[in-house]
Amino acid sequence: MNPGASTSDRDGRLMAPGAALRILIVDQNPERASLLEEAMREAQYSDVVVVRETHGLLRRIVQIEPDVIVIDLENPNRDVLEQMFQVSRSVPRPVAMFVDQSDAATIERAIDAGVATYIVDGLRKEGIRPILETTISRFNAFKRLRDELERTKQALEDRKVIERAKGILMTTRRLDEADAYELLRSTAMSGNRRVVDVAHDVIRNLKAMQ
Amino acid sequence: MTLVPLTLGFVPLLDCAPIVVAAEMGFGAAEGLELRLKRENSWATIRDRLIVGHFHAAHMLGPMPIAAQLGVGQATVDLIAPMALGWGGNAITVASATWEAMLAQGAAAAAEPAQQGMALRAVVRERARSGAAQLTLAMVHPFSCHHYELRYWLAACGIDPDDDVRLVVVPPPYMVEALRDGQIDGFCAGEPWNSLAVAAGIAHIVTPTTAIWHRSPEKVLGMRANWAERHPDETAALIRALYRACEWCEQDQSSGELARLLARPEFIGEPAPDIARGMTGELCLAPGSPAVRLEEFQGFARHFGTFPRVSDALWFYSQMVRWKQLPAAASAAQFTARALAARRGYRPDLYGHAVQSLGVDVPAVDLNSGGFFDHRSFDPADLDRYLHPP
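So the protein sequences, as listed, match chains A and B.
For the first sequence, position 207 matches number 207 in our numbering, and the numbering has no gaps at all.
For the second sequence, position 47 matches number 47 in our numbering, and the numbering has no gaps at all.
One chain only, chain A, in its complex shape (with noise of 0.2 Å):
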């Protein structure tokens, strides 16, 4: 995000409305371009900046920081945007796009199927900023759901290591549980590590010597 610059905070929650928002503007009709970059003038909003190539456009996004990417629906590079958030886990940046047939049942159905990226209704500059405000907390919102799965994947994982690692300890030192996990720990608080990477080391050395 933009130092200053953004307008939801960690929580994906609003900021007042009239903060400045960096907006990305992917098109490479000319004129449909600079129409929605004067659209998005008129919403108030000062930050845009337009890309036309598409060449070297991941490098872009990472320099621009934008806080959300606009495109139009019927651009051939909506498959090059996900390739690069799939391939790119930081550069993900929510994503609207504007379209010609859209009404309310439409977004709220996107919005059902957890769709990050957003369908929504063509130039009009009073739906502008609503729309991205929509965009950016639902996307936020996505992202927080997402970060929380792999977070709570990855502790479970990090358990099971763990669980190994006592399991190893306790056969080949005879040790109990209880001490089996103390000497982890020691090891990882006197190298300054995490217990799951000494367990990781735990389980090597035995691989190695098999």
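Think of the hints as simulated: they come from the structure by calculation, not from any bench.
On a predicted model such as this, the values are computed, not experimentally measured, just so you know.
Certain hints may be false.
[Unchecked claim] Okay, derived cross-link-like pairs now, BS3-like style, lysine-lysine, Cα gap no bigger than 27 Å in a straight line:
| no. | chain 1 | residue 1 | chain 2 | residue 2 |
| --- | --- | --- | --- | --- |
| 1 | A | Lys153 | A | Lys207 |
| 2 | A | Lys207 | B | Lys324 |
| 3 | A | Lys153 | B | Lys324 |
| 4 | B | Lys324 | A | Lys160 |
Once you have looked at the hints, place chain B on chain A.
Structure of chain B alone, referenced to chain A:
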């Protein structure tokens, strides 16, 4: 009789043919459907329009419903493929300069994929030694057969698809331009884009991907599961209409009528002779050279080409795991649960029910366990062993 209107999305590629033919040749109407077609430029848009209900069904990449079921790269959505729309039709094509370098390392026109891959590996190594930039290869979408076929071939030939080359996505209509500008050194895409790159005089076809995986799966008919549940009659009618259209496409192969239909600006909008190449399997591999007949390059209805094989769904899942598109499963139970979710993406039951009245054969065993160029067998019942061979 009033026809039921259905809107279908497609991307301008040779294998959108069954959808175009069903709409234009009356197969939809014969089943009581009025098929309205909408051309799209990206797979992401096809998927999103399906999800929000702009489309009832669509031309779709085989792995997309699987990715949707697994919630990888997007939220979990109940998309299904109740039928396939044929097999094969893809090729790997490289820029002329890369082909020259491959020739010097033992590649040959129309050679087996292993020979071509070894030559490419030598080129990749040589570039690394001399400090030249890595080769950039393009495919069409992260969840595409093209992506997995390209990676499978590279890896089996000793090229690490993540470390030794750069893989990027380029929309098929931009492939030729991207090659010409030197943005990419090669690509894996469906026809007619390989033939068009050769016709532009700037590229050589290295191998059809059906040489990498015999009769490899390709596009499917995608739809929302809850729509299919609420509209079982329309779903079955659509499957039958498309089945008939696939048969028609296959029979038409040599007459040229299909190529002329697809050449129309509202469909593919490229010259009919270039479109016809993929259908007949007679491709020009090099600029100016005579066409070569590639056996079993592409098919619509034959060899159960329209049957949605669960084993294909599971192979796609295995590749998502192999190439780390999915975070590693935290447990064996999670791995199995995901395999179940992947299975839900392909619906041979809906297919079987729909084509019953046509007297169409359904394979007795739904297992496509082999046919890979490196002779590795794939046991869909033991994914774990496939991914982690002892």
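Going down the list of hints, with the structure as the test:
1. A:Lys153 <-> A:Lys207: 25 Å, holds
2. A:Lys207 <-> B:Lys324: 25 Å, holds
3. A:Lys153 <-> B:Lys324: 15 Å, holds
4. B:Lys324 <-> A:Lys160: 21 Å, holds
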